[in-house]
Structures are given as structure tokens and as C-alpha cells.
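Number of protein chains: 2
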Amino acid sequence: MPAGTPVLGAARQLGVDLDSVCGGRGICSRCQVAPAFGQFAKHGITSAEVALSDWNIVEARYAEKRGLAPGRRLGCQARILSDVVIDVPPESQLHRQVIRKDADARPVEMDPALRLCLVEVAPPDMQAPSGDLERLTEALRTQWGIEGATLEPPLLATLQKTLREGNWTVTAALHRSSAEAPPRIAALWPGLLEGDLHGFAIDLGSTTIAAHLVSLRSGEVVASAGVMNPQIRFGEDLMSRVSYAMMNPGGAAEMTAAVRAALNTLLQEIAARAGVQTSRILDVSLVGNPVMHHLLLGLDPVELGQAPFALATCSSQNLPARDLGLGALPVGAQAYLLPLIAGHVGADAAAVALSEAPDRSDELMLIVDVGTNAEILLGNRHRVLACSSPTGPAFEGAQISSGQRAAPGAIESLRIDPETKEPRFRVIGCGLWSDEPGFAEATARSGITGLCGSGIIEAVAEMRMAGLLDAGGLIGSAQQTDTPRMRPEGRTHAYLIHDGSTSGGPVITVTQADIRAIQLAKAALYAGARLLMDEMGVDKVDRVVLAGAFGAHISPRHALVLGMIPDVPVARVTSAGNAAGTGARIALCSLAARRRVEALVRKITKVETAIEPRFQEHFVAASAIPHASAPFAETRRTAPLPEPSFNAEGPRRRRR
Amino acid sequence: MPAGTPVLGAARQLGVDLDSVCGGRGICSRCQVAPAFGQFAKHGITSAEVALSDWNIVEARYAEKRGLAPGRRLGCQARILSDVVIDVPPESQLHRQVIRKDADARPVEMDPALRLCLVEVAPPDMQAPSGDLERLTEALRTQWGIEGATLEPPLLATLQKTLREGNWTVTAALHRSSAEAPPRIAALWPGLLEGDLHGFAIDLGSTTIAAHLVSLRSGEVVASAGVMNPQIRFGEDLMSRVSYAMMNPGGAAEMTAAVRAALNTLLQEIAARAGVQTSRILDVSLVGNPVMHHLLLGLDPVELGQAPFALATCSSQNLPARDLGLGALPVGAQAYLLPLIAGHVGADAAAVALSEAPDRSDELMLIVDVGTNAEILLGNRHRVLACSSPTGPAFEGAQISSGQRAAPGAIESLRIDPETKEPRFRVIGCGLWSDEPGFAEATARSGITGLCGSGIIEAVAEMRMAGLLDAGGLIGSAQQTDTPRMRPEGRTHAYLIHDGSTSGGPVITVTQADIRAIQLAKAALYAGARLLMDEMGVDKVDRVVLAGAFGAHISPRHALVLGMIPDVPVARVTSAGNAAGTGARIALCSLAARRRVEALVRKITKVETAIEPRFQEHFVAASAIPHASAPFAETRRTAPLPEPSFNAEGPRRRRR
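Top to bottom, those sequences are chains A and B.
1 is the number of the first residue of the first sequence in the UniProt record's numbering; add one for each residue after it.
1 is the number of the first residue of the second sequence in the UniProt record's numbering; add one for each residue after it.
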């Protein structure tokens, strides 16, 4: 490097990642570096203070006005005079690594679609007439080496004003849909724009819409919130919404309008709460299942309700956010929809795959996102498979006699003493177990109102371990189980968890019908996983990951006892939290990640459970608790699984 | 070519231009060929009837159902068995040459942005899930070799329905913005679409909006119409519209809405009248001056009203027609706006340059588009220059005492007998001269109402030739000119053309103020042309072309006598009619022409009259009729130009 080269220039020539918005004008301070002085045996050089030029007037003025931390220099002003060691602090790196805060803490490399560039645009010249736009793109070319930048058409109307307000110096937000694509100017500000750009990572669930506001500089989530998906008023689950679209002309458009309106409100609220100007929120990544995805795009979901479950489009989508009706965002804001895997396996599952990265795992991972429809991924670095399985709504507390949504007052955890057959439990909103002192007072306000999804799973598994339930799923009578909590109900029995009737509350029981509903759901889930294992040619997996908000609340031990998932040591079952949301956030922060998920989705082998004859076979065997034929040896090692049989009056009833 | 190759396949391999929409399925008939049989010494072969395969069932069925002219074969069905001579009739050529019907009959090569392709799309497959869109683009790739086709986003919502209606066979209209750009699917129809696609070539004038509906197959204009530009209610001329935008918040948006609404109505009317479904009108080319161009795009024109006359954008624009508010056209329709040359020299001038092609001329051409603002081009194949000159509205009959728009009753032509000084004239709507029998009856209905632009030009030139007006522009008195038609008016004189007062009509005269207004206008026009000649380093031109609707009505002889244009033999002054509209039509029909006009506009040397000191000098000299210093020898050779001087009382008055 010739003596006198500015550090920023040297970094660019060497391909060192050093940020800059102002392009070396000494005003944005993004290129701060930390020179290190002393002997560096590792590099074989001595780095002396005189190796960098003294502060010039630009740097001094910046330090005086805005402050510069001790030891820091502006990379665009400090010139290299001789050998020197220079550190680039993470905040000066454009493509810094960001450590995810969730359990496994894999790093995310920042590679956002947006960047800021300050440009000085030539003023108009009567003798060489040209357009403001053409002079702006020419300035991007000569000052930043950016070829072929285009302006988002709606911005053209404000271009003249912005250029003149900034006295021909403007900050452009450039958006690329890929590293190769020529950038689009997504926003323009007069003068230098300080601070960060932001984006939204959005997980569009059938029940809940969750959005995370993310700094596109640090990759951090600055605010998150969720709202109920207003489409619920057209149908609780996906199939009822598809039916609504089928039965009502204009019904799909109604649902599109509803979800878009809810999104706009949600995004505005989050931005306002975080104190982030919406004008800086210029990118959005979106995930959702195929029906949610199609409805958001304004596509009729009817085809998704019947074989062959044809998607209108399955590829990732780059489009202006305004084309999704996201009027809460600036007109130039862009959106990225992750690709869909299959007619039942959506962009949410693709996002889970991106986040959990089975394709980078040496171990064989089974990833299960439990909902009304469970999405299942199985794979390792050699191959990844995917399917969905129609578990139905039982895991969400629906079709369960005492079932309810997860809300304060719902029993979320439950234990049954194998000797006394007495239950104890915890409810949402209270940290205490029901047999601990102060529980009654602590729950007086919420009451004890029912069983949510995790509660019912634990209740059934605990009943099985306490010998109240046989492997076939039959509840024993009071006599057979030796507890007065078992109450006859017609020709079956129900286990009493809590009688709130004396205080005007509900009587919470687990009925034989509840057990049957849970058996159907868990058998479907297991059968889907098992089908993928067949396709992979294995009969065990190394790890199980429970994804999704609900997955985070499922007790691995109880899931194993119930036989929801294949048998593994309990420590090998982990929760990935909202992996779909995390995947959306990774895609928001990184173009490379977008390419990765697109390539991964193309590579995934899709298995359609509906047409696989073996699915039915697996389903039947998986109806038993934990399973009719699989030994579940790992689970039995730590969990007592007594084998009573309450079969006496069983067979006839089961056939009904 | 191996024996058995279909003619269509052979044409493709040889790069012969042979159309096909159905891709060789024998149903579209676009690939009809005419085999020629006999000895062809030129080609050194004998072409026998057995050189082509017999009719197969597909061809026979087509001929039976739809008819096939004698001697014609379907190129996709007839197979080549041995040497054969085959003619491709023009209607089977995609890139056929179309002879323009106007005076100079230059051919236009068809190279439209749109083409039709029939594709058979794979139906959805549960076992290999993919999107309808992805299967459609895959079919275009495998069946037509078209890579990277994208679908116009609003069409995605109808894609599923169209594919199923067509039972997975659809016709796609593919639009390319350039030969290299991947095409966009602009429209889709179930099954095979028969017939042609169409486009509109639109000339957006300050006064009139003209649109031509053009077949994109034949290049022919199937219908044309014009409407008054409704922006006139915001201001008659460009500058008053710019002022309206400056003085009224939202004024520019009002004018944008007005012109878009008028366009939609006009396009719908033309399509309806021509019996062309709007669903087939998928491309639009637009030209207009910079203010019209900016207002159409929704851009504030205020900068165009003051130096340095900065354009918001000067490049050609490719954008969806819906982004111009053209809701009358299908959602997938595309628009092309020709590039602008400078702040005063718009896309209309660029279209004139494309149509008149000075850059392909050996002769030095001066092309003048006369309007409130005259656009002037000067050039030959070595160099082209452009400027605009502020002629004002006098040539359009405004600011003229008896002036009026060109409408029935307006005097459009006029002759003055040099002996008797008596005028005779013709009015619009009547073919007779005023001294011919039957004139009074023929004009009884319209009346004789005033002088339109061409009338005033002829009147002034005739007055000059009849010795009623001196070279300085002064009208002589009755005594000086020896005619009672000369009437005193204050201290000046006016020449009476027609006294309609006895029958309740107007008295039509040419006043001294009228002469002054025409002098200002013609001097500005001449000075602009002369400035370009200076820049080119010449003092004469080879040809003068009068462009524009008004230009078509100007008498070359009178224009020369008046000194509007530089002196050339009168036969070298021609009219190009609506050259801007013709240029728009050429651009509509040909991507190559779009590239040509873009390259030409970049190459044109722009001269800004407002900042050229010599403009004022040229303007003063050009105020004389025909000119103070230029000899106008060619004009004097055929036109009498007596040299009276009515100067006696002149100088004082002139200084007022």
C-alpha cells in the first residue's frame, strides 16, 4: 500500500470489511478503526503511533463536535504512513457476525439487502441537459462504483424536492434483491442520514401474527409484538378459511384485506413503541404457511384445500411492500417472502429449516413444528426431508372437554403421584404448584379455567405413568385404578383434576374422548415423522427439536411418554422456540441466508403423507401410548410405564 | 438439413423469420409458407412437389376447419424431404417490413415488444410439489427456450383460474423491454388466442391528445382519434400550466389526474370504435413535451418553468401502464415513454428525430415542429443538433386580432392580387376560393370567422409580396398602398380581408399589432434554426421539414417569404405531418427503434437558446421580412418582394 493511503481506501483494496455511509467524507463515522501499537511478533512488524498520519481538520472537527472514543480514528481520514496494525471493531463492520440469543447461539452474518450511501449529485446544467435521476445514478456510479441503480417509481415524484433540500447531497438507501441484481433506490434523504435502517421479520400464523423490528445494522430485535390473526373470524383453522373462500364470492379478498390491515396496525404500533421512524423501515421478511402466504399475496387459497394441493407459486418472492398493501411502510420499502416447500409445508417450515439448519448437521435431526398442521423436517448434511401431518387442533386445546387456549388460569403443567393418584399442577400466570402454600391466593384472580395444550399432553402422559390409562388409551374405572378421582361418565371414565364448582369455577377432567382426540393427534404426528424415517431408511434419529411457540412449552419427557415423537434420550429433545420467526429474522438480515434457504428448499425431498399407504399403517401403530410396536426403550429407562389393561369393556366401544 | 425436418424447425435452425404462436402444434397457422416448384437456376436446384411431405392429419384437419389458401402449407407440419424452395409470405414473418403510408414511405421493421406463445403447462403433482407459476415458466423454458420469464404481479391472482380453464394449455403474451431483458408475462389466456395483439401510440400535446391503435402484427393503424387536452382548463399554454402547479398546492396532481382520465376515456373509445377488445391492448408508446411528460408521470413540472429547466428524468421509461393510471388497459399492459432531449425539447422532438431520421440523411436537414414552443433539429448522418425556441402562440392564432383556432369558418389560405390588392381566400370546411361561384352558399353555415395560423402566415406573406407591408414590418397607409382596403387604426393601418358585419359576422383585418406578433414568433423560430446552423458551422441547409399537425398546413412558399425558415428552394421544404405521432408508432412497433431513438438522443448536441448571446442578435436580424441581412436569394427567385418603405412616421412608433 503506498504511504499516504487512507485506512478506508486500504481496507477496500484489501477486501477488509469496513463500513462507510458518507464515502470517505469524514462525517458518518461508520469507518472508525482502532489502531494497535507495539511489537506484533505474529505479524512480524512494529506498529508505531507515527505509522498513522496526525489528525487532520476533518477528523478533529468530527471529534470536537460528535466525540470519538479514545484510541479510535476515522478510517477515511487517518492515512497509513508505514507498517501498522489496525483493528476493525465489530460496529464498523458491515458484515459483522451477530450471535443469536437463543439456546444454541449460532452466529448470524449480517448481509442485509439495504445499505446507505451518501452521494453528491451534480446540479442541473442548462448546457448539458440531463435528468435529476440520471445525475443521481451517475453519482452512485462514479462515487460508489454502483452500476445500474434504479429508483423505485413512486419515489420519482419526490426526487426533485429531496435533491434540492439536500443542496444536491443526499443519502440513498439502496436495496438489492440479490448480490448480483442492480440495486433499487428504496429511499432518499436530504444530506447525511444518521442512525440505522430497520426491517420487520414477520411470522404470519393462522392464529397469531408476530412481528419483530430489527436493526439492519446490529441485527438486534429492538421490539416485538403479536396480534391475533383477524382471519379467525372467517374460520378458526386453515381448512375452515379455505372453505370460507370457496363458499363466499370475494371471501378470499376479504381475508386478504383483514390480514393486511392487521399487519399495518401491528407494524405501526411496534415502530411507535420502539421510537423508530417508519421512514427508516425499508425491508420486510415474511413467513407463513401456504394458506396464509397465498391470502397475504391476494391469491385464492381454494386449490390448497383439495388434492393435489397446488400452490399458485412456490418460489421466494421479492416485491415492493406496497404490493402487499403494507401502507404503514414507506413507498420504497421492499418485501421478501421465503419460499414454500409444498402445498402443506410452507414458508414457515422453510424458515425453521433455515434457522435450525438440519442441512448443516452431522447428527440426524427431527424437527417438529406442532400446530393444527404439524410440519416435520428430518435430515442431516446429506439429505433433508419434509412433510406435514394433519394433527388437528387437539394440541391447541380444541376438541378437548376442558381444553382452552393458553391464557392465564389454564393448567399448563401437571404431575400425578403414582401412589396416591393425586394431581398437582401449575396454571399460566402463577409460578407455584397447586400443592404449594399461597397457590389459592395467587390464582384467585385468574381462576383455574381449563387445560391448555401443554397441560393436556402432560395430563395424558402422567395418567399413563400413574397407571390410570392403559397402552391402548383406555381410562380405568375408580375400582381398577383405586382412586375416587375416577368418575364414571356413561360407559367410560373421566379423571378429575380440579373441581372448581364450589367457587363457581369449572370442573376440570380428562375424559375418554379427550384421550382419543390426543391419540389421533399424536399418532398423526408420529406417523409423519416415521414416514420420513422410512424414506431416509433409518429407525432412529439423533435429536428431536420441538419448534414453534407451542413446542417451547411441551415437556420433552411427557412428549416421549405420550409417543408424539420417536424414542430418543430425553436430553436429546430440545425446544427451538419460535424457529420460524428466527428464520424470518435471519433472512431479513442476510441476502446469503435468502439464497441458502432457497437452495435448501429446492433440495428438500417432499413427502406427501396423504398419498402414502404406509402413513395409515404407521398411524394405527402410533395410536397406542407410547406405541404399539416401537419399544421406546430410551423412554422406559427413565419413565415408569406400568402396563395395566382396562380392556374388559373396551373393544366394542373403540369401534364406535 | 436432415430429410424429414419440418419447415418451421428448418427456419429456426437457419435463423429464417417464420412466425409461430402455437409452437408447432398446427393450430395457430402463423407459420404458413408458400413452397415454389420448378427449376431454380439462381439456387442451382430443382424444387419438386415431392420435396415436401404429404399433408398429415393435423394439416388436413386445419385446412378443412379453417381453410388454407391454395399453395400454402403449415410450416410446422410440412416436412422437407429434399431440396425445395420455400417463400415466407410477409404475414408469416414476425419481423416483417411495413411500408409507412406517409410521403417518404420509409419502411418500418416490425420488432414489437410483445409476442404470443402457446404453452402446455404440467399439471400439479402431489409427489413433486411446485407452484403453478413455476410450472408455467418451466414450460416456457422447455417449449420455447425462454429463460427467466416473470409474471406481472397483478396477474398472479388470476393465474390459477386461467390455467385450469385452459386445461393447462394457455397462450402467454410475453413482453420484453429490450431484446436482452427476460420477458414478463403481460397477459394469459386459456387455450390458443387467435388474432392479433394491439398497442397504442400516443402523442400527448399541450392542446391535443392523439392516440393511434396499432396492430402489433401488421403495424397498421386500425383506428385513431384525438381529444382536447383537459389540462387546458388549468392554462392554455405550457408556462401557464407550470404556473398553475407553482401557485396551487396539489395543482400538478390535479393536472396529472385530468390527463390520465382523458387518456383512459380516449383509449376506451378508440378500442370500442375499432372493435378491438381492450384485453388485447398490451403495449403503449408515449411522446410529449417535457411538461406533458412530467405531468403524465405525476412529476412536478415547476422546475421546467425556470432556468436551468431541470428535468426530473430524461431517459426513456419502461413501466407498467397501470403506473401511469391507465386503468382502461389490462393490468399487465406495459408502457414505453420515449426519452427527452432537454428541458425544453421533449420526447415529441425525440419521436420526430426517430421518424425523420436526420441521423441517417446525407443531406443537411432542418426539421421544425412549430407550436407555442418550436422544437428544431438540424443534422445529417455526422451530427444532429437540437434546440427549442419560444415562438409564442401567434402561429396558433392567439394574440392575433382576428385570430382563431383552426376550425370551420377560419381562413386557412389567402392570396392578394399584387395589382388590385384585393384578397381571395379559402376557409376551413370549404374547398372553394372566395371568388369562385357558390362560395357564399358553401360557407353560409360556418360563416367566415377569423384567421387560423396558416391563414395569418399567408396573409402576412401575401401583404409583403403585394407591397402592402415593408421589409421592416410596417403596414402602408391607403394612400401609400393605393387601396381602400387599408384602414387607419390609431396611428397605424389595418388591412381589411373580409367585412362580415352586414350579415352579423366579424370584420377580419390584419393589424399592425398582428404583424408585430407574427414578426416576434417567426424571428424566434428563425433565430433558433440559425443558432443551430452556427453551431454546425454552415450558412445554408439542404432541406427543411415542417413537422407537426400545424406544419402540414403551412405553405412552404409563404413560410419562406415570411422568413420563418432559412432560405432554400421552395421544393426543398416538405411537410412531415404528425411526425411525433409517427415516431411514437415506430417505437411501439419496434424494440430496435427504441434503442435507436435512445442512442440518437444521447448523441444529439443540445443547444439552449436562452443562454446563447447570439440568439438575441439573430432574433433582431430575423424580425425583418424575410430578413434584415440574409439575402433569401432562392425565395426572391420565385416570389416578388417589392421594397417599399413606409418608414415616414415609423421610427418613433416602433420605439414605443
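The set of hints was computed from the structure by calculation and includes no laboratory data.
Values in this document were obtained by computation on a predicted structure and should not be read as measured data.
One should not assume that every hint holds.
Unchecked claim - Only pairs whose alpha carbons sit at most 20 angstroms apart, straight line, appear in this in silico EDC-like list of lysine to aspartate or glutamate:
1) B/K603 / B/D534
2) A/K161 / B/D534
3) B/K606 / A/E134
* To do: Would you list, in rising numerical order, the hints stated earlier that this structure does not obey?
  => Checked against the structure, the only hint that fails is number 2, while the rest are satisfied.
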